[in-house]
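Visitor: Order-wise, the sequence lines are chains A and B. Final position of the first sequence in this note's numbering is 434; the numbers increase by one with none missing. Final position of the second sequence in this note's numbering is 434; the numbers increase by one with none missing.
Be aware that one or more of the hints could be misleading.
[Claimed, not checked] Derived coverage of chain B by chain A (criterion: at least 3 residues anywhere in the stretch with Cβ under 8 Å from a Cβ of chain A; other residues may be distant): (1) 61-68; (2) 159-167; (3) 263-270; (4) 285-296; (5) 365-377.
These are calculated hints, taken from the structure and not from any lab test. For each residue, glycine too, the CB sits at the ideal point set by N, CA and C.
Protein chains: 2
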Amino acid sequence: MKIPPVKGTRDFYPPDMAIHNFIVDGWKKVSLRNGFEEYDGPIFEYLKMYQIKSGDEIVEQLFSLTDRGGRDLALRPEITPTLARMVNQQINALPKPIKWFSVPRLLRAERPQKGRLREFFQWNIDIIGVNQSMADAEIIFTTVDYLRDAGLTPKDIKVRISSRKLLAAVLKSYGVPDEKLEPLYVVLDKKAKLPPETFEQMLSEQVPDKETLNKILEFMSIDSIPELGELIKAESDEFTAYTEIKTVLGSLEIMGVGDYCIYDPSIVRGLAYYTGIVFEVHDAVGDLRAICGGGRYDNLLRDFGGPAISATGMGMGDCVLEILLKERGLLESKIHRRGLDYFITFAEGYGGGTIYKIAAELRSRGFSAAFSYKPKSGLSKQLKEASAQMAKKCLIVGQEYVDKKQLVVKDMATGEQELINVDEFLSQLGARDQ
Amino acid sequence: MKIPPVKGTRDFYPPDMAIHNFIVDGWKKVSLRNGFEEYDGPIFEYLKMYQIKSGDEIVEQLFSLTDRGGRDLALRPEITPTLARMVNQQINALPKPIKWFSVPRLLRAERPQKGRLREFFQWNIDIIGVNQSMADAEIIFTTVDYLRDAGLTPKDIKVRISSRKLLAAVLKSYGVPDEKLEPLYVVLDKKAKLPPETFEQMLSEQVPDKETLNKILEFMSIDSIPELGELIKAESDEFTAYTEIKTVLGSLEIMGVGDYCIYDPSIVRGLAYYTGIVFEVHDAVGDLRAICGGGRYDNLLRDFGGPAISATGMGMGDCVLEILLKERGLLESKIHRRGLDYFITFAEGYGGGTIYKIAAELRSRGFSAAFSYKPKSGLSKQLKEASAQMAKKCLIVGQEYVDKKQLVVKDMATGEQELINVDEFLSQLGARDQ
């Protein structure tokens, strides 16, 4: 009986796993050096948890299940609700600021397409308990620190930064009522994804007044900070939000990643919970989905039954990132597969115990070691097996071993061979840094 | 609105995550040095896949769900069926032998109790395509290689080795018919878990004939290889299986882990798919569940629509292992949390840009670095924050920096301070090995 894998999931064969580990290890390394600590939660939570504050799109895409006790559960489509739950549970005991990262496996029941799968991994970084916009700058810096480390230059990617707070203040100053803001965000978020006429058509359905419409379109067309500054009145709500963006961009400039970052008012973000600085990273060519996105969310912890503590964070999926890194040729050269340190072979007429013993000894010293499981293979077949397993060196145990306890050490890259006493070999070897 | 986590799942706060990572990193390191390559699969598969060949107990404990297309899926309760599916899909392209490992997240809808949760992680190693019992020895060696590396001695744990093939041959030689074998395995598997009278009572229900019953009880009481040898007739089916066990134990002796391993006929294993050597690792005190188990499975790939290729493997969950390592005091000393390399502080009256810049520079060189997000904190508060974040060193930027570009480098363990020019500091620092 042959059963296929479920559509939208991936099988990670060893070469795929090597790529996956390369990406995840990079995320972890950069998180740690930026001062974040790792956490994780369960693969499922109570269904209602996701209905509190996630975007409608996400709730529609939940994989839900009912357990034997009749509880409605859902596979996690994002980890932020879990983060909010966990932080709230220990809010008094946790040292502040909370700087946490995670690389969760996530599930969304959407139609699989390029860069979008039903099962994927997502790098998440969050800073909780810091109002200052420096925390937003840190989130963006850490994001760029990874992408730059992966080999992407300002020519390959751009961080597009905006502010929900600025957008809200500006819209309100144009007379848009509070209850109209959320539906307007949904439309404005589509600006970069739609032809201008379609976008204006959709917008005019939300904003029937022609003058207001034009004002909004004008605001959305300004992508330079000095120009924006001319539009903003001092001491207004807009001014506070405008100053935040300026400060964030200034800090990123000081931290050496200014050339990756631009102001872009069309960045609104789909999720309902953003309240301040928001950003997305896109490839410069613009033929892929967003590589990642994030921003400040002021109310999420409170909405999950905790105190009113502000937070800011970022999520980066592995699918679009992997496509981009492949396209730019930034994977092949960096992926190392197994690369066994030693493959131990026996010359014709000699085999068995000595080989097992040497392999066990090498392994306990931290070296990777293997040997053929076919006890009657000839030496040349064993050397072939060593090559297939990408062994760096072969040890050949033969007559010299019987006579004088000597091994042949063969370098598989150069073909060079050396005859050495086994005890001398082991004492020279020492233990490997692990 | 406050929502609890789902029963039987775990939240990994940073200190828990550090333990989790310590365990998983150990599994990965030992797998690699024993020549295994990593793979992974999806968190769910088609429900019917688990109904083919998993143990009844596992199928009863599935978390199942139906997707929008009406497909019946199940969260994976073990990874072996996925392994069989993946290997079958690429059977001709994969170099043999296949030596793979994985550390999957698994889900079982069982009642949570000590050492048993609904969500857990399991180390899996498998060798596919090798009939020789050396592959069984390698699986057991790799298992012990990890447990020994984790600090467990032969006084802490024992590998109990037996053979389904031997058991089947012996039972058949006693006149037990083929179709009676599977239900008998289920009873025999309970020998070590039940009082002798209860066990004999259950056994007599399966084996009404008194003479056969006594023979089985006698066989099950022999736990020495020489004694077993006296019972086994040469050139019988039992003899082949007996020789296999002797060979495996002999190889493990040669590889230096003989003192961990014993023959124990009461090891039968619950899963239906085992066909040869089987084993379990138990703590010596015997108050915990099995730490791990495994064995040879000859028919699984064929049952999943592939060729008749033999395989042998092992699975070790994280829950019992963690309890044991904690009990033996083998965790505390080895767990390293964040331990920031540098915390950058500013002395009163000076702050801002320089600190961000130095932090960014240190991070890009691979050092972990952080600073306070409270721009008006005094120096002593910042140093407290540095301690809370377990910083090894603090850099203090103050008047000396303004005057002469000099930093104070403070060792947080010794309290020693050094005044150094920032460029000199950076050039001495170099880049960190990553």
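Visitor: Run every hint past the structure and note whether it holds.
Guide: Hints, verified against the model:
1. Judged by the Cβ-Cβ criterion of 8 Å, the stretch 61-68 of chain B is covered by chain A as claimed, because 5 of its residues qualify and three suffice.
2. A stretch counts as covered by a chain when three or more of its residues have a beta carbon under 8 Å from one of that chain; for the stretch 159-167 of chain B and chain A the count is 0, and the coverage is violated.
3. Only when three residues or more bring their CB closer than 8 Å to a CB of chain A does the claim for the stretch 263-270 of chain B stand; here the count is 0, and the claim is violated.
4. Restraint check on the stretch 285-296 of chain B versus chain A: 0 residues with Cβ-Cβ distances below 8 Å, three needed, restraint violated.
5. Against chain A, the stretch 365-377 of chain B contributes 8 residues with a C-beta closer than 8 Å to a partner C-beta. That satisfies the three-residue criterion, and the hint holds.
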